[in-house]
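**Q** Take a look at the letters that make up each chain.
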Amino acid sequence: MAERTLAEQLGGYLPVGIEALEEHERQDLAGALRSARKRQAKALAEAGEEGLKYVPALLRGAVRKVVGL
Amino acid sequence: MNYESRAEVLKLARVLDVEPERLEYLARVDADDLKAFREQVTDSLFDAHVSVLQRMALAARLLPAPVLAKIAEKVFGPLLCARIAGLVDVGRGVDVAKRLKPQFLAEVAADLDPRRASAIISRIPLDTVVAVATELARREDWITLGRFVGHLPDDTVRRCLAVIDDPGLLRIAFVLDDKRRVDPVIGLLPEGRLGRIITAAGADEDLWAPALDLLSHLRETRRAAVIPLLDALPEGLRERAQATIK
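Heads up: the sequence lines are chains A and B, in that order. FYI, in numbering that gives the first Met the number 0 the residues of the first sequence are 0 to 68. FYI, in numbering that gives the first Met the number 0 the residues of the second sequence are 0 to 245.
Read the hints as simulated data drawn from the structure, not as lab findings. Glycine included, every Cβ here is placed at the ideal spot set by N, Cα and C. Don't take every hint at face value.
[Unchecked claim] Only pairs whose alpha carbons sit at most 27 Å apart, straight line, appear in this in silico DSSO-like list of lysine-lysine:
| id | chain 1 | residue 1 | chain 2 | residue 2 |
| --- | --- | --- | --- | --- |
| 1 | A | 52 | B | 97 |
| 2 | B | 97 | A | 37 |
| 3 | B | 100 | A | 41 |
| 4 | A | 52 | B | 100 |
| 5 | B | 73 | A | 41 |
| 6 | B | 34 | A | 37 |
| 7 | B | 69 | A | 64 |
[Unchecked claim] With beta-carbon atoms standing in for the labels, derived distance ranges:
| id | chain 1 | residue 1 | chain 2 | residue 2 | range |
| --- | --- | --- | --- | --- | --- |
| 8 | A | 49 | B | 23 | 35 to 43 Å |
| 9 | B | 203 | A | 45 | 36 to 44 Å |
| 10 | B | 149 | A | 7 | 26 to 34 Å |
| 11 | B | 137 | A | 52 | 30 to 38 Å |
| 12 | B | 65 | A | 60 | 16 to 24 Å |
Taking the hints into account, I'd like the entire structure generated from these sequences.
**A** Below you can see the structure in the form of structure tokens.
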């Protein structure tokens, strides 16, 4: 599957000055944004399970249910 | 490159977590477009996993603040805390923030979108904010300090200004999100401090651009008071400073 362009990642619209950049420059920005999102997703996935270890045992079930783990 | 575009490139590099040099090609883009783009990127990152984050914020209601503070520091880390901050109850957010170390809060602040967490930021105790500002200044994180100026009450800003040195203040003013705040913030400085700040710019060529940018954002009345101070500046900067505020 083709990677999403910068405009696609940002809801279809880009400010005029960004739209006017060279194609390879917009691709660089798209790549940087993609990497930032991946880093964030990874951190989030790791935090969910790990965080439960610190939740008091009595509350763990309720927290698990709310978070959807 | 104009000053405002330069500052915007620094801020965008921070949001994307890349070196500013990589984004050098953005130097020719209008600063307003860069700012709009940075806000789009920030929104896209904050909204990317919002349903998971909302559920986590909901679960946070079930836990006592000391437990949450522990999870925040040991598991979540600054990035996730910054993402969740705008989603938790304000009272709960403030209660947890008070229990976190200034060093950790400084890292959270760097990843935070002040627009989304304004209610929490403005209710954090003064001493905590000053401790975080001191830590951010120690890290020379001028961008983060600049992003918060518009979200803090004047008294808090005044206390923070006292813990930041003259070159630091120039660098913060340079990257301030809302340049209309430059003159009012200068107005919070004690007598004589503006003169020392301008003199500090003369001692370091890297501070010339921030100093000229600051001068260009002063109101007429304050400009008149600054003109005599320019005589002490080194040749090269003096002429440009005089031309900026004439």
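**Q** State for each hint whether it applies.
**A** A quick look at each hint next to the structure:
Note on residue 52 of chain A and residue 97 of chain B: the hinted pairing holds, with a Cα-Cα distance of about 23 Å set against a maximum of 27 Å. With a C-alpha separation of about 30 Å, the suggested pair residue 97 of chain B and residue 37 of chain A falls outside the 27 Å cut-off, and the hint is violated. A distance of roughly 25 Å separates the Cα atoms of residue 100 of chain B and residue 41 of chain A; the hinted pair therefore holds under the 27 Å criterion. Proximity of residue 52 of chain A to residue 100 of chain B is assessed by CA-CA distance (about 21 Å); at most 27 Å being required, the pair is judged to hold.
Taking the CA atoms of residue 73 of chain B and residue 41 of chain A, the gap is near 16 Å; set against the 27 Å cutoff, the hint holds. Distance hint between residue 34 of chain B and residue 37 of chain A is fulfilled; the C-alpha atoms sit about 23 Å from each other, no more than 27 Å. With a C-alpha separation of about 21 Å, the suggested pairing of residue 69 of chain B with residue 64 of chain A holds against the 27 Å cut-off. Hint check: residue 49 of chain A to residue 23 of chain B, Cβ distance near 38 Å, so the stated range 35 to 43 Å holds.
Against the hinted window of 36 to 44 Å, the Cβ-Cβ separation of residue 203 of chain B and residue 45 of chain A comes to about 42 Å, which satisfies the hint. Judged by the Cβ atoms, the range 26 to 34 Å given for residue 149 of chain B and residue 7 of chain A holds: they are separated by roughly 32 Å. Range check, residue 137 of chain B to residue 52 of chain A: Cβ separation about 32 Å, and the 30 to 38 Å hint holds. Judged by the Cβ atoms, the range 16 to 24 Å given for residue 65 of chain B and residue 60 of chain A holds: they are separated by roughly 20 Å.
Going down the numbered hints, you'll see the structure goes against just number 2.
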